[in-house]
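K.L.:
Read off the chains here:
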Amino acid sequence: MATANIEVSETPLVLYALRRADDALILGHRLSEWCGHAPAMEEDMALANMGLDLLGQARELYSYAAKVEGRGNDEDKFAYLRDVRQYRNLLLVEQPNGDFARTMVRQFFYAAFADLYWRAMMASSDPTLAAIAAKSEKESAYHVRHSSEWIVRLGDGTEESHRRAQNAIDDIWAYTGEMFSVDDAERGLIDAGIAIDPATLQPRWLKTVTGIVNEATLSLPANDWMQQGGRVGSHSEHLGHLLSELQSLQRTFPGATW
Amino acid sequence: MYTQALNSSDGDERGVEDVARASQFQARIDADERIEPNDWMPAAYRKTLTRQISQHAHSEIVGMLPEGNWITRAPSLRRKAALLAKVQDECGHGLYLYAAAETLGTSREELVDGMLSGKAKYSSIFNYPTLTWADIGTVGWLVDGAAIMNQIPLCRCSYGPYARAMIRVCKEESFHQRQGFEIMVTLCRGTAEQKAMAQNALDRWWWPVLMMFGPPDQISQHSDTSTKWKIKRFSNDELRQKFIDATVPQAEFLGLTIPDPGMKQNENGNWVHSPIDWNEFKQVLAGNGPCNRDRLAARRKAHEEGAWVREAAAAYAEKRKRRQLAQAAE
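Chains as they are written, first to last, in the working numbering: chain A, 1 to 258; chain B, 1 to 330.
Since the hints were made in silico from the structure, they are not lab data.
Worth double-checking, as some hints may not be accurate.
DEER-style ranges, computed between Cβ atoms [said to hold, decoys possible]:
no.: 1; chain 1: A; residue 1: Ile190; chain 2: B; residue 2: Arg78; range: 48 to 56 Å
no.: 2; chain 1: B; residue 1: Lys321; chain 2: A; residue 2: Ala130; range: 41 to 49 Å
no.: 3; chain 1: B; residue 1: Arg168; chain 2: A; residue 2: Arg163; range: 40 to 48 Å
no.: 4; chain 1: A; residue 1: Ile6; chain 2: B; residue 2: Asn266; range: 14 to 22 Å
no.: 5; chain 1: A; residue 1: Pro96; chain 2: B; residue 2: Pro216; range: 44 to 52 Å
no.: 6; chain 1: B; residue 1: Asn266; chain 2: A; residue 2: Thr257; range: 35 to 43 Å
no.: 7; chain 1: A; residue 1: Lys67; chain 2: B; residue 2: Asn266; range: 36 to 44 Å
no.: 8; chain 1: A; residue 1: Asp170; chain 2: B; residue 2: Lys119; range: 41 to 49 Å
no.: 9; chain 1: A; residue 1: Asp170; chain 2: B; residue 2: Arg168; range: 24 to 32 Å
no.: 10; chain 1: B; residue 1: Asp294; chain 2: A; residue 2: Asp170; range: 33 to 41 Å
Quick list of in silico lysine to any residue cross-link-like pairs, SDA-like style, CA-CA up to 25 Å [as the list claims (entries may be wrong)]:
no.: 11; chain 1: B; residue 1: Lys301; chain 2: A; residue 2: Asp183
no.: 12; chain 1: B; residue 1: Lys121; chain 2: A; residue 2: Ala40
no.: 13; chain 1: B; residue 1: Lys319; chain 2: A; residue 2: Leu81
no.: 14; chain 1: A; residue 1: Lys77; chain 2: B; residue 2: Thr132
no.: 15; chain 1: B; residue 1: Lys282; chain 2: B; residue 2: Gln194
no.: 16; chain 1: B; residue 1: Lys195; chain 2: A; residue 2: Glu245
no.: 17; chain 1: B; residue 1: Lys321; chain 2: A; residue 2: Ser219
no.: 18; chain 1: B; residue 1: Lys321; chain 2: A; residue 2: Glu215
no.: 19; chain 1: A; residue 1: Lys135; chain 2: B; residue 2: Gly287
no.: 20; chain 1: B; residue 1: Lys319; chain 2: A; residue 2: Ala40
no.: 21; chain 1: B; residue 1: Lys301; chain 2: A; residue 2: Lys77
no.: 22; chain 1: A; residue 1: Lys77; chain 2: B; residue 2: Gln194
no.: 23; chain 1: B; residue 1: Lys319; chain 2: A; residue 2: Lys135
no.: 24; chain 1: B; residue 1: Lys319; chain 2: A; residue 2: Leu220
no.: 25; chain 1: B; residue 1: Lys319; chain 2: A; residue 2: Lys77
no.: 26; chain 1: B; residue 1: Lys319; chain 2: A; residue 2: Thr217
no.: 27; chain 1: B; residue 1: Lys321; chain 2: A; residue 2: Lys135
no.: 28; chain 1: B; residue 1: Lys242; chain 2: B; residue 2: Gly255
no.: 29; chain 1: B; residue 1: Lys119; chain 2: B; residue 2: Gly255
No residue lacks a Cβ here, since even glycine has one placed at the ideal position from N, Cα and C.
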């Protein structure tokens, strides 16, 4: 790599913003990989739409992290000049697109969480985060609607679509637990009223997910083992490949303006 | 599909070409009236427009591929969002145009099948590769610029649904063109490597872009009737000339050299280009361009791999309908 990684002073608030920004960027990037290759033109539009919403969220959160950190970093430095170990996103969002069922299941699990999360975050004592939350909540609500409709169509569609949707749920389920976990850095922000405790959202999330999965004639796996690590930079092998593509120009032409 | 109902009286008239109706139709065109889906029209007019609008739609959809090639590698988050939004716009144009074509009585499925089988054409320009980020700037600047030259007159096309579609498409295209030019400005003000990247992209795209306007007027097949029907208002050569005259000062502003050392300005101020290699155009049209196979393969792959999704949606809709009927019967 021609360009060195940036250094980030991850105070709790910077880390908090980076974690959410990374979630949005990586999932938005994954959705953008579909562009031009979706099962129908309408779906090409919808996937790009959701991708654009997430990219927008990422940019606002990175800019806020940059402002709080105050060390000259900016949205592009955070996105393009941190290596795998510096990324703080959930393992869920970096999972490859796979087939359309897998993409939609991943989207549904995340959006059903993000919708609740951002709605609760509108009450944050931090006005910037509350404003980002208000915008993100509206977008997430649409993502939930769109993805849940697909889960039902696929689950209750044909034998093949049912099988693919069930496989996707079985494969991805273990990455959902991480959404609700909290570490010490975040605990302080929760106590200060800046962040909310995601664990409190789990029962409602599970209710939404169970409702849709049942309607789709699908089922949730019995195995409740949950993978962790994304929040501290211990990622799956997939993220490195995503970043090598995402960052290729910035790494090849150090210091250039685009 | 509602267009079948709209056109239900059409079948027995096709081919008969009722002389009185045809002259009435031409009189309406001459009076600059808009022809609407319910109106009588000669079979050849319907056929010409179906071909032209669907080719245009295919071009938008295939055109997503060369630019989509850079979405995951866009060099900043701002560029990434703009490019994703742009390619999404193109998909929207495609959908909009298929809908306009459907008003003439052929379904989107049939039209798309024609493209996937290789029978229907799309713009040859999309059979060239996007090799560097500068290609994204160049495609916006030149390919969208050329498309606008072609499409602005189509906003006054005699067929209402096509003309209205073009008004919206042109607005978005001109935004894309400015976006592309802005990428070029940034590259040309950047490092030596970036400027070289910009020049190289211009070198590769210039001649194919000139070919986008179609063969020279002497040998163009469709122009005469299309002109009479006010589908086409300017000739290929006229539009090409307009494009070149608009583009030369832009290249100068960028500090880039148009790869045509023989190009000269005539006494009217028009820039006269050197001969175009029409053999290259023919080859690309015949399927021998650098990316013809890749483009079709990518579209077919998306279509085939999406089949189970579309089938699932249809099966679910059918099940739902049956359940609702059963409920209503209870």
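K.L.:
CA of lysine 77 of chain A to CA of threonine 132 of chain B, is that 25 Å or under?
P.N.:
holds, 21 Å
K.L.:
Between lysine 121 of chain B and alanine 40 of chain A, is the straight-line Cα distance small enough, at 25 Å or below?
P.N.:
OK: lysine 121 of chain B and alanine 40 of chain A at ~20 Å, within 25 Å.
K.L.:
Has the given pair, lysine 282 of chain B with glutamine 194 of chain B, been kept, meaning a C-alpha gap of at most 25 Å?
P.N.:
Given that 25 Å is the threshold and the Cα spacing comes to 33 Å, the pair is violated.
K.L.:
Tell me if the straight-line CA distance from lysine 77 of chain A to glutamine 194 of chain B falls inside 25 Å.
P.N.:
With Cα atoms ~19 Å apart, lysine 77 of chain A and glutamine 194 of chain B stay inside 25 Å; holds.
K.L.:
Is the Cα-Cα distance between lysine 301 of chain B and lysine 77 of chain A 25 Å or less?
P.N.:
violated, 36 Å
K.L.:
Given the hinted pair lysine 195 of chain B and glutamate 245 of chain A, is their alpha-carbon gap at most 25 Å?
P.N.:
This hinted pair holds, its Cα atoms lying about 22 Å apart.
K.L.:
Could you grab the alpha-carbon distance between lysine 135 of chain A and glycine 287 of chain B and see if it respects the 25 Å cut-off?
P.N.:
Roughly 47 Å between the alpha carbons, so the hint for lysine 135 of chain A and glycine 287 of chain B is violated.
K.L.:
Need the status of pair lysine 319 of chain B, leucine 220 of chain A: alpha-carbon distance at most 25 Å?
P.N.:
Holds. Lysine 319 of chain B to leucine 220 of chain A sits at ~23 Å (cutoff 25 Å).
K.L.:
Measuring from beta carbon to beta carbon, are lysine 321 of chain B and alanine 130 of chain A in 41 to 49 Å?
P.N.:
Check passed, 44 Å falls within 41 to 49 Å.
K.L.:
Assess, step by step, whether the Cα of lysine 319 of chain B is no farther than 25 Å from the Cα of leucine 81 of chain A, and give holds or violated.
P.N.:
With a Cα-Cα distance of about 50 Å, the restraint between lysine 319 of chain B and leucine 81 of chain A is violated, given a limit of 25 Å.
K.L.:
Does the alpha-carbon distance linking lysine 319 of chain B and alanine 40 of chain A stay inside the 25 Å limit?
P.N.:
At roughly 21 Å apart (the allowed maximum being 25 Å), alanine 40 of chain A and lysine 319 of chain B satisfy the hint.
K.L.:
Taking the Cβ atom of arginine 168 of chain B and the Cβ atom of arginine 163 of chain A, is their distance within the range 40 to 48 Å?
P.N.:
holds, 41 Å
Comparing the model with each earlier hint shows violations of hints 1, 4, 7, 9, 11, 13, 15, 19, 21, 23, 25, 27, 29; every other hint is respected.
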